[in-house]
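Two independent chains are provided; combine them into the complex using the hints.
Read off the chains here:
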Amino acid sequence: NAGVTQTPKFQVLKTGQSMTLQCAQDMNHEYMSWYRQDPGMGLRLIHYSVGAGITDQGEVPNGYNVSRSTTEDFPLRLLSAAPSQTSVYFCASSYKWDSEVYFGPGTRLTVT
Amino acid sequence: KQEVTQIPAALSVPEGENLVLNCSFTDSAIYNLQWFRQDPGKGLTSLLLIQSSQREQTSGRLNASLDKSSGRSTLYIAASQPGDSATYLCAVFDSWGKLQFGAGTQVVVTP
Numbered sequence: 012n013a014g015v016t017q018t019p020k021f022q023v024l025k026t027g028q029s030m031t032l033q034c035a036q037d038m039n040h041e042y043m044s045w046y047r048q049d050p051g052m053g054l055r056l057i058h059y060s061v062g063a064g065i066t067d068q069g070e071v072p073n074g075y076n077v078s079r080s081t082t083e084d085f086p087l088r089l090l091s092a093a094p095s096q097t098s099v100y101f102c103a104s105s106y107k108w109d110s111e112v113y114f115g116p117g118t119r120l121t122v123t
Numbered sequence: 352k353q354e355v356t357q358i359p360a361a362l363s364v365p366e367g368e369n370l371v372l373n374c375s376f377t378d379s380a381i382y383n384l385q386w387f388r389q390d391p392g393k394g395l396t397s398l399l400l401i402q403s404s405q406r407e408q409t410s411g412r413l414n415a416s417l418d419k420s421s422g423r424s425t426l427y428i429a430a431s432q433p434g435d436s437a438t439y440l441c442a443v444f445d446s447w448g449k450l451q452f453g454a455g456t457q458v459v460v461t462p
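Quick mapping for you: the protein sequence lines, in order, are chains B and W.
Following the working numbering, the numbering of the first sequence begins with 12 at its first residue and continues without gaps.
Following the working numbering, the numbering of the second sequence begins with 352 at its first residue and continues without gaps.
No lab work stands behind these hints: they were computed from the structure.
Take the hints with a grain of salt, since some may be wrong.
[Unchecked claim] Here are the simulated distance ranges between beta carbons:
1) B:Pro72 <-> W:Ala429: 35 to 45 Å
2) W:Gly411 <-> B:Val23: 32 to 42 Å
3) W:Ser421 <-> B:Gln28: 40 to 50 Å
4) W:Trp447 <-> B:Gln28: 43 to 53 Å
5) B:Arg88 <-> W:Ser403: 45 to 55 Å
6) B:Met30 <-> W:Trp447: 43 to 53 Å
7) B:Val23 <-> W:Asn373: 33 to 43 Å
8) W:Ser403 <-> B:Gly64: 45 to 55 Å
9) W:Asp445 <-> B:Ser78: 22 to 32 Å
10) W:Ser421 <-> B:Glu111: 15 to 25 Å
11) B:Ser95 <-> W:Val371: 33 to 43 Å
12) W:Asp378 <-> B:Pro72: 20 to 30 Å
13) B:Arg88 <-> W:Lys393: 22 to 32 Å
[To be verified] Sample of chain B residues at the chain W side, in silico, Cβ under 7 Å:
14) Leu56
15) Glu111
16) Pro116
Computed from a predicted structure; not experimentally measured.
Glycine included, every Cβ here is placed at the ideal spot set by N, Cα and C.
Excised from the complex, chain W in its bound form (with noise of 0.2 Å):
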């Protein structure tokens, strides 16, 4: 059964450092793996796709890696910012789009 793990499980930043949470799972026949974010009391919010045949995906200061040979997941957050604290949950595609996802990193960015 696929395991998704994220570590650390909680991360305290100061505004403007890059963040870096990870993720590992440990079945690498993925088909695609999705980044989200979620606000305290809210729904998911989704950050970035990345496709099994990609090794990366940006979207403004989100960067996404992807190693399925070692089974990891990278998210990097540049100049992280007040509004970027949250928790940040991975899941990756299983057969016919069943996610399975980890615990998550919860991430507080302080001014």
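Just chain B, with the same shape it has in the complex (with noise of 0.2 Å):
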């Protein structure tokens, strides 16, 4: 199992540009979610999602977009990126809710 793999590693954009961060796991997890990490403020949660067709919204969900149409892939898309979406993105999975969670590598990004 290559287990929750994450795309890009680093990435740069300009304010305003979109973009979509690429998370897969070949599981067979039914919950995914995503969290951003910056210093001083640790792991916040983005979105989430209990299955295939179903998302909801985390702490911090402003300027984020999410979709769920397989169990395998759960895309986050930036709208148009501010300077403050500057972070680590972190995909993660588990099989349940309450279930063990793993995490993929994260995606750096700059947004100057």
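Structural data, given as structure tokens:
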């Protein structure tokens, strides 16, 4: 198993650009989520999904969009990048909502 | 709102000493609690998951306890090694698996 994979590893965007961070898992996990990690703020939940076709907002959803058309994939879209979205983004998955959570390697995003 | 605190923020110990890392949370109505390790520039690696009905979980040199009534969990790492140097994070499970993280304890084990 590859586990949770994320692409790209690094990305630089200009303010106003849009992009999609990719996340995939091959463990047949129902639950997937996106977190951002910032110095002094820790890890915060952006969006999560309890299964294909079902998504909901986390603590900091503004400026981000998600969809879950398959069990394996959970992309995160930045609609119009802002410098405040400079962060490290982690995708995570688990078999059920209360099972052990596995994280991807992260995407380091810089918005100039 | 659930708040998760980890004290100390940083810890330095000589090799061979036991490590004791603390995690406290304000709302005892949690489901599960998970401990992670994060190396610089890397993702989070799962160490232990403690179910809400458990008091303790062990894996090798690692032992984690959970006391929901007092809002505390402790991670013990026996006979520390330089390879244990990392940041250790605890996370409590709110409803629907949303994790609330502590800020972490940065550990340095000196040879």
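Results for each hint:
1. B:Pro72 <-> W:Ala429: 35 to 45 Å: holds (41 Å)
2. W:Gly411 <-> B:Val23: 32 to 42 Å: Holds, at about 40 Å.
3. W:Ser421 <-> B:Gln28: 40 to 50 Å: holds (48 Å)
4. W:Trp447 <-> B:Gln28: 43 to 53 Å: The hint (43 to 53 Å, Cβ to Cβ) is violated, given that tryptophan 447 of chain W and glutamine 28 of chain B are roughly 32 Å apart.
5. B:Arg88 <-> W:Ser403: 45 to 55 Å: Since arginine 88 of chain B and serine 403 of chain W have Cβ atoms about 34 Å apart, the given range 45 to 55 Å is violated.
6. B:Met30 <-> W:Trp447: 43 to 53 Å: With a Cβ separation near 27 Å, methionine 30 of chain B and tryptophan 447 of chain W fall outside 43 to 53 Å, so the hint is violated.
7. B:Val23 <-> W:Asn373: 33 to 43 Å: holds (38 Å)
8. W:Ser403 <-> B:Gly64: 45 to 55 Å: violated (28 Å)
9. W:Asp445 <-> B:Ser78: 22 to 32 Å: Check passed, 23 Å falls within 22 to 32 Å.
10. W:Ser421 <-> B:Glu111: 15 to 25 Å: The hinted range 15 to 25 Å holds for serine 421 of chain W and glutamate 111 of chain B, with Cβ atoms some 24 Å apart.
11. B:Ser95 <-> W:Val371: 33 to 43 Å: holds (37 Å)
12. W:Asp378 <-> B:Pro72: 20 to 30 Å: 22 Å Cβ-Cβ, so the 20 to 30 Å window holds.
13. B:Arg88 <-> W:Lys393: 22 to 32 Å: For lysine 393 of chain W against arginine 88 of chain B, whose Cβ atoms are near 25 Å apart, the range 22 to 32 Å holds.
14. Leu56: Hint holds; leucine 56 of chain B Cβ to chain W Cβ min 5 Å, cut 7 Å.
15. Glu111: holds (4 Å)
16. Pro116: With Cβ-Cβ at 4 Å, under 7 Å, it holds.
Checked against the numbered hints listed earlier, the structure breaks hints 4, 5, 6 and 8; every other hint is satisfied.
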